[in-house]
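**Student:** Letter by letter, the chains look like this.
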Amino acid sequence: MNDFSDVLILMVAMTLFSSFTLTSARNFNLSSTDLARSDAEYRAIATAQNELDYIKWIDQPTKLNPTSTNYVFSSYPVSKVNQFGANNRFEEPVNINAESYLLDEDASIVRYKVIVTVTNTEYTPVISSTVSTIKSFAK
Amino acid sequence: MNIGIITSTLVGGILLISILSFTRLVNTNSLESTLGSINQNRLNETVEILSNDFNKIGFRAPVNPIISIGSTDFSFIGDIYDNDGLDTTTVRWVWDLTDPVLNTRNPNDYYLKRTGPVGVSTTGETRIPVSYFNIDYYAADGSLTTNKAVTKHVEVEIIIESPDPYRTSISGEEMYYRSVWKRVFIPSNLNLPF
Chain A
0 MNDFSDVLIL
10 MVAMTLFSSF
20 TLTSARNFNL
30 SSTDLARSDA
40 EYRAIATAQN
50 ELDYIKWIDQ
60 PTKLNPTSTN
70 YVFSSYPVSK
80 VNQFGANNRF
90 EEPVNINAES
100 YLLDEDASIV
110 RYKVIVTVTN
120 TEYTPVISST
130 VSTIKSFAK
Chain B
0 MNIGIITSTL
10 VGGILLISIL
20 SFTRLVNTNS
30 LESTLGSINQ
40 NRLNETVEIL
50 SNDFNKIGFR
60 APVNPIISIG
70 STDFSFIGDI
80 YDNDGLDTTT
90 VRWVWDLTDP
100 VLNTRNPNDY
110 YLKRTGPVGV
120 STTGETRIPV
130 SYFNIDYYAA
140 DGSLTTNKAV
150 TKHVEVEIII
160 ESPDPYRTSI
170 SGEEMYYRSV
180 WKRVFIPSNL
190 NLPF
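Sequence order for the protein chains is A and B.
First residue of the first sequence: 0, per numbering that gives the first Met the number 0; consecutive thereafter.
First residue of the second sequence: 0, per numbering that gives the first Met the number 0; consecutive thereafter.
Chain A extracted, bound-state conformation (with noise of 0.2 Å):
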């Protein structure tokens, strides 16, 4: 071996030990990453649970029709912060949107399907939760 050979064995294994480094920097990014948004969307769920909760107390059909004035999602979707901890000193904020329709009608019930969607855009790509349920009226 000569001093020259010596130099580029080396800057060939130092360029292999740097590419090996930074994909496994990369990929524990990738996993730190994809706990954070998965702690998000469980967030994300328990806020559209919570509109879930308030649509199950709507009394009137009405109230879920979208051709109806009482539409109570017609000022939808909102912009929401959800703040958590002693004096609220994290914040997130949401988005969200909530829609009915009318599912089937006959002499005795009238059904509507409520869907609802979350969405955390403090995440590229943003974060998005949807939960459904049908709410049934008797006539």
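Please note: incorrect hints may appear among the correct ones.
Unchecked claim - In silico DSBU-like pairs for lysine-lysine, Cα to Cα no more than 30 Å straight-line: (1) Lys181/B / Lys79/A; (2) Lys112/B / Lys62/A; (3) Lys134/A / Lys147/B.
Please keep in mind that the hints were generated in silico from the structure rather than gathered at the bench.
Given the structure is predicted, the values throughout are model-derived calculations rather than measurements.
Based on the hints, put chain B in the right spot on chain A.
**Tutor:** What follows is chain B alone, placed relative to chain A:
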């Protein structure tokens, strides 16, 4: 001095520092992922128990099933598990700030204690290390209330932190993985008759 030895020492030193830094990064990220996954499982299990309890507030119970309300202490009556051999039982959720968790390094951990049915015809206490727990109570019109007689909605918030830090900064600050959950419950039996 031989220039070759100096160069080798320099390159070798840089490589060693790189390897040590990389090992530290791998360890930190690996620890964060592991602690994060464990944390999420713990939160999920806690939420499962809590959701079941809170949705059953007042089930087969007297007209006003709430015994006491407080931001970290909540007691109510309900038939929590339908086929457990117990009828209506008293359930209490309390975040006991006088009882710190001593077997973890996290100084924010205090026991969240649930007293209620735990098995067939048995009641007992379940203790969960929690870093923050808060309950707000709302009347039917959505306003905050401290009156148990008019409480219709219950908002629960839980923060669970990892028992050990995944990283300690140069200044000595320990960083714990944190999972947060918040939910409003509108129990059917608190809101009847509609």
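**Student:** Now tell me if each hint is right for this structure.
**Tutor:** Verification of the hints:
1. Lys181/B / Lys79/A: Holds, because 14 Å separates the two Cα atoms, which is no more than 30 Å.
2. Lys112/B / Lys62/A: violated, 41 Å
3. Lys134/A / Lys147/B: holds, 29 Å
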